[in-house]
Amino acid sequence: MKNHAFINILSVFFLLLSLPAIAVTFDEDEYTLLDLQYQRYSLASGLESYLHDDSVYILLEDLVSALELNIKVSTNEAKGYIMTEDAGFTLEHILEEWFITIRERKVKVDEDNIVIHDSFLYIKSDSLEDWFGIQFKLAYSELILQLTAKQKLPALERIKRLNRKIGSQEFSKTAQNPLLRDPYELIELPSADLRISNFIRNNDTNGTTSNTFYTLSTHGDMGYMNTALFASGSQEDGLRNVSVRMDRFDHTAEILAPLNLSQVSIGDLSHPGLPLAPSSFGRGVIVGNDIATRQASRNITTIEGDYYPGQEVELYFNDALIGYQIVPDDGHYKFEDVILFLGDNAFVLKFYDSNGTIETKNRNILVGSNPEDIGKLKYTASVSQPNKSVIKIDSTLNNQEIETTTQAVLNTRYAFHQKISAQFGLLSNEFNGKRVTYSHLGLQSNLLGTTLTANATRQNDQLIGVVYNLNGSAFGTSYSIGVTEHNENFEDITLINDDITATTDDPVDVQKRSYHLSLATRRDLGSFTLRAQRNERLVGFSEHYRLGLSGSLWGTNWGNTNEYNLSDDGEDETNEKLEGGLFFSRAISPLSVRLRLNYEIIPESLLTSAGFSFSYKPSSKSTLNFSLLHNAVDHSTEYELSGSWKFQYLQMTPRLRLDDDNNSLAILEFSTSIGKRNGRFGNYYNLDSKKRSTRGALRARLFDDTNTNGIYDDGEDLLSGGIIKSEQLRSKGISNKAGIAWIDNVAPWIPSDIAYENHSLEAGSMRYTGKPFSVAIRPGKVTEVDIPFSRTGDIDGNVYRQFSNGTKKPERGVIVVAYNTAGEPAAKNRTDYDGFFSFEGLMPSTYTLKVKNEVIISSSRENVIITNSGEYFDNYNLVIGPEKISDPVHNKEFEKTIEPTPLSKPIADPLSQHSLIETESFAIPKPSSVTVKTSPTPTPPPTIEKTKSVQNPPIPTPTMNVKNLFQYAIKVGSYSNKNYADATIRRLNKLNHKNYTKTFNTSKGIFTRVYAGPFSNKREAENVKNDVNRRYNGNAFVVAFKNEN
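No gaps in the numbering here: position 534 of the sequence shown is 535 in my numbering, and each next residue is one more.
Hints were generated in silico from the structure; no laboratory data involved.
In silico EDC-like links for lysine to aspartate or glutamate, alpha-carbon gap of 16 Å or less: (1) Lys153 / Glu69; (2) Lys335 / Glu305; (3) Lys578 / Glu605; (4) Lys153 / Asp87; (5) Lys647 / Glu670; (6) Lys618 / Asp354; (7) Lys335 / Glu313; (8) Lys107 / Glu78; (9) Lys772 / Glu758; (10) Lys622 / Asp28; (11) Lys851 / Glu812; (12) Lys138 / Asp127; (13) Lys995 / Glu1021; (14) Lys109 / Glu78; (15) Lys107 / Asp131; (16) Lys851 / Glu863; (17) Lys1043 / Asp835; (18) Lys153 / Glu86; (19) Lys647 / Asp28; (20) Lys153 / Glu130; (21) Lys153 / Asp131; (22) Lys851 / Asp797; (23) Lys107 / Glu93; (24) Lys109 / Glu93; (25) Lys389 / Glu431; (26) Lys810 / Asp835; (27) Lys995 / Asp983; (28) Lys393 / Asp238; (29) Lys513 / Glu486; (30) Lys151 / Glu130; (31) Lys513 / Asp570; (32) Lys513 / Asp569; (33) Lys999 / Asp875.
Small disclaimer: the values here were computed from a predicted structure and weren't measured.
Construct all of the structure, not just a fragment, from the sequences and the given hints.
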């Protein structure tokens, strides 16, 4: 009977593991934007994917674009080739089955590896690896998908042709653009998350009792700072925990200009400390120009915070599980002695809610100095009262009024060189009128990738000890090795934060030497972390080991934590304990299971507890859960049945719990959130079931800036369909009919560049006219930005050379330059085989065209004026003389760099160096009439591709009579990204307008110009143009139809 419940748990768990897979369907909670990287180079900063059942499903169209493969993707097929035409690629759907053909070898594909979602093809990463000879490695905590290749791919070969040293350049993860100021407000209604739970208990001892528990979390501006409040309590006991903090962060360090502060924090805070000196958590103030998430020299830290009581929380470092606990009744969790390594330490907290959902929070702690800190004095100052809160509640600790501790800390660091830096700190602690002062001096040096740090700390006039650390990385494993030499004659004046003062005369308490070793690595089979510490005293010793393992095996996630403690008092008294936990989880949509085992090995081998949970999610709005917890020590078992339903304004979670002694507990839980939102008619507050208080949001308004003042004015057109991306946060939003693009539910305080994806607007022929910028979104706050655009114009024409006999012939290969009103070169283009040139996306100005190294004899136009209406000029013909000229001065003028102001760096391909003027092109070999190539093909002669029909059914090939019949067409837009050209074609098809395209192969890539038509009379063309412009706020033009077949 002792192990009967445990055996039942394992039987149910492994039975569920053996269930057949159900047809794959995606949940929007699984949607993720990944950064596809190849050896520290970003190939795509917004790779759309779904993380489903521990597998990654990637949007095939995004991957094909990132790798620059010559493959055309549609809803039911993909055709093309990988590197050369003999490496043909075909993915097709035949009689409800999928087949892949590569190099004429046809193979059936497992239907679970391909998902059609919203008319797009998503492919499981395993299949993509087999098809394209690549390997993926997902770093989930960083949302990075690393790629390695076993064969040549166009994008990687292009990088090699540019003579880039792939492994020598660090990929920049920090924002590069100036930070946009988001003014703080004196007071505003905050965003809030509220949870209320009503408990009804029934047992033989007390009968039926009831109680109500509540938890409130809010964030918003108050006193020109971002203010956070967390409170938890119950109807019976009142408030159990209240914490308040106010923060103002400025990553440009411009708060109080003379002091150049980057942080001002007030309230219940975790304060900085010194090595071998006490740290503090309590009410106080932190200021400085070095944001306090940085640790100058510590090799361990504490990670703590507030969450809903009773929920499970796991702590991961480097994707390895290193800690687990259940949030206590006061809602404050705390992980102590967490390992740190030199550089950026990324931690992930996973919270398992009672409704079956998993919430994650990221914590980053930077150890050491950045290269940009060289020659700058960085400091952080803190004043605190440890263990006391801003708002006093009825607790024993806060009632000890006679015992008051005040602690002040000053931490400074200075980098003399990238390889040498120093730290200095002071800590003053006043306890009941007695003052103790600590001082600290540290040095850090870097040699051959290994960093050595030395830190010495004194208390008053006594040396406490010296800490030496060696940090580095070898064979993919980060390591930290350290030793602390304690002063054996040191006598601690007072035990800080304890109730009494004492000296350390007992040799058992006198520290002699400490050793520590920390390791962290991530392999294909899983992740591993180890922290080992040995403390030697004058008499006796103690040892502590913590091991964390995590991984995935056959679709099942697993994690294991172990802690071993050994102490010896030097008098034959030895205490030894080894305990741990083992965790398994598996998801087969819409089912998921989780198994938790806690055990003890020393001093006695036994299973202390086992927990099992089962979740069924029939829809994104509802969940059914069953769980049981068996305590093997007292042989008791608890059973719980719960459900969760999300409504528009709140979430309801009923729970029923029973145990072996017929005790019962019924819980009815309600949770809701209120968050600030903005609409066309002003601000409002939205009540819904999504958490709002701890996350931020960006509201971008895209508009046609007709008066070019950069500010939205009433009456200006609002633009839909535009994609706005937050690069560092790897999130995106698409503007709606009101011109509003939301980037919602993002991590706060992280500076991120905001970028517009070229040609994504439905209006087409629009260009961003503002300055580059980045934002740092605050928790519970909506950051509002205006994104101004201007309509752009196009110029098409031909260059002819006139010979001495008066004949004219199209001249290929000459460079045509468009000069704006200021006389600056705005764009340039090389003529093709027919002497044709085209300028796309010209900003409003007056343009004059010149031909480099040539004399223009005549032109069909003098100047071209492009206004905010975005005109299109066709048949701009230039006639040049029979002989070329060479004018060094003129040549220099042509060689000026053309650098328009972008919204941000290009986001579709950060490796590309092209500017936002997409028409700055040079002719290259003429493309095939069958397949559009994504890279140049070195076979002359150059020209534009012939008109190609894309409508269904296709436009009949014009004959001589047809040519006379069709005289007009409508130029709808030009696109460097063919995906947006295809989107425009789909919109035209939806309106039942026939259409066709012209494509241009250039050194900047392929440009696709979309036309509606052709039409036999101008009135019909004007009617269709007006319809397109009205439906999509576009700027289409009626042009002459040119039949080129």
